[in-house]
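Could you put the whole structure together from the sequences, leaning on the hints where they help?
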Amino acid sequence: MEDTTARWMSVVVAVGSVRNMVAFRSIVSGQPLCNWWDNGGSQIAFGRGDRGFVVINNDDRFLDATLSTGLAPGTYCDVISGQKTNGRCTGKQVTVDAATPLSLCPQRRDGLRL
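All residue numbers for the sequence shown refer to the working numbering, where the first residue is 19 and numbers rise by one.
Quick caveat, the hints were computed from the structure, so don't treat them as lab data. Fair warning: there could be bad hints in the mix.
Unchecked claim - Pair by pair, the computed Cβ-Cβ distance ranges are:
#1 Asp82 to Asn104: 32 to 38 Å
#2 Thr113 to Met39: 18 to 24 Å
#3 Lys110 to Trp55: 16 to 22 Å
#4 Arg37 to Gln111: 16 to 22 Å
#5 Ala116 to Val36: 28 to 34 Å
#6 Pro91 to Trp54: 19 to 25 Å
The beta-carbon is built from N, C-alpha and C at its ideal position, and this holds for glycine as well.
Written out as structure tokens, the structure reads:
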């Protein structure tokens, strides 16, 4: 029974992540691709105008990079690990500073959508 519950929770989390990524796509729709970065392998990052930023690490190593996002200064919710509910992030938060590019170190096989 416990194994079934764990699998069910994984499905619920995955459905929430997919729903949030669809919403992200709607928000950035029509925005230009900008601030592209890649490591020549399985790590990429890019912006969609000033509306969103994506980081994908499909590598066995941490992604250790400092990136320009094109986003306004502020704190953003990662819509893969959570969502904004009642004005608060339920997942990871990332702070973008006007003076300093975003410094990241996402886990192996992880990503962010801001």
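Verification of the hints:
For Asp82 and Asn104, the Cβ-Cβ distance of about 33 Å falls inside the hinted range of 32 to 38 Å, so the restraint holds. In this structure the supplied range 18 to 24 Å holds for Thr113 paired with Met39, their Cβ-Cβ distance being about 22 Å. At about 19 Å, the beta-carbon gap between Lys110 and Trp55 stays in the expected band of 16 to 22 Å. Taking the beta carbon of each, Arg37 and Gln111 are about 19 Å apart, inside 16 to 22 Å as hinted.
Between Ala116 and Val36 the Cβ separation comes to about 32 Å, which falls inside the hinted range of 28 to 34 Å. At roughly 21 Å, the beta-carbon separation of Pro91 and Trp54 lies within the given 19 to 25 Å, and the hint holds.
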